[in-house]
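Could you put the whole structure together from the sequences, leaning on the hints where they help?
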Amino acid sequence: MKIVDINGKTRECVGIAPDKDYPGFMKVQYKSKIRKGYSHSEWYAISDFIKNNPKLKNLTKNAPKEAKEDLGVVTGAKGNVLSDKSKKWERNIFAGITIWISRGKGEGQTRTVLTNDANTVVVDHPWKEIPDKTSQYVISDNVHDPQVRGNTLPPIIKVRKVDKNINLK
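Going by our numbering, the final residue of the sequence shown carries number 169, and the count climbs one at a time with no gaps.
Keep in mind that the hints are not guaranteed to be accurate.
Keeping only pairs whose Cα atoms sit at most 30 angstroms apart, straight-line, the calculated DSS-like set for lysine-lysine is [as the list claims (entries may be wrong)]: (1) Lys2 / Lys88; (2) Lys51 / Lys2; (3) Lys27 / Lys65; (4) Lys61 / Lys27.
FRET-style restraints, in silico, Cβ to Cβ [what the hints assert, rightly or not]: (5) Asp117 / Lys36: 53 to 61 angstroms; (6) Pro54 / Gln29: 15 to 23 angstroms; (7) Gly15 / Lys128: 46 to 54 angstroms; (8) Gln29 / Lys61: 17 to 25 angstroms; (9) Lys55 / Ile93: 23 to 31 angstroms.
Hint data in this document are derived by calculation from the structure and do not stem from the laboratory. Glycine included, C-beta positions come from ideal geometry on N, C-alpha and C.
What follows is the structure, given as structure tokens:
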């Protein structure tokens with residue numbers, strides 16, 4: 001089957017399928033021109049694949065959706081709500097995804113987004129420490145159990161000199 005690759009070149013491939021391990025990407029397999037009997041794969045973002053191969057759009061039908069992610073600065077929060085007035089999100093695009101307060105007041109907290117509108121998320125339970133305008137957030141499926149706090153290194157522990165003449169036998 002012939003496809004148009006990411007560089008706009010028409011190429012012969014031996015297989016095309018959505019990649020379940022890389023949501024939002026199509027895996028295209030090519031026969032090696034150099035090594036007889038071998039093949040290699042290349043990955044194309046679904047949007048690029050469709051743009052270059054509109055007649056093959058049907059191959060993307062059952063593809064896992066690309067992970068939705070975003071980050072920003074809090075413009076307001078209370079209870080179990082957080083807002084960023086600079087955003088224009090699609091309704092409920094982040095439902096079920098983790099939001100993490102990555103800096104500022106409330107840093108380190110994670111919650112699951114229940115719903116969202118154009119610039120506000122509602123999370124599964126109230127903020128323990130309400131984020132404010134000093135707070136930054138990350139919305140991502142890749143946030144699991146963040147342990148980063150304060151963005152500083154721990155203090156150096158001073159070690160006492162050890163007597164080299166001690167026999168441990």
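Verification of the hints:
no. : hint                               : in the structure
1   : Lys2 / Lys88                       : violated, 38 angstroms
2   : Lys51 / Lys2                       : holds, 15 angstroms
3   : Lys27 / Lys65                      : holds, 14 angstroms
4   : Lys61 / Lys27                      : holds, 14 angstroms
5   : Asp117 / Lys36: 53 to 61 angstroms : holds, 57 angstroms
6   : Pro54 / Gln29: 15 to 23 angstroms  : holds, 21 angstroms
7   : Gly15 / Lys128: 46 to 54 angstroms : holds, 50 angstroms
8   : Gln29 / Lys61: 17 to 25 angstroms  : holds, 19 angstroms
9   : Lys55 / Ile93: 23 to 31 angstroms  : holds, 29 angstroms
The structure is inconsistent with hint 1 alone, although it conforms to all the rest.
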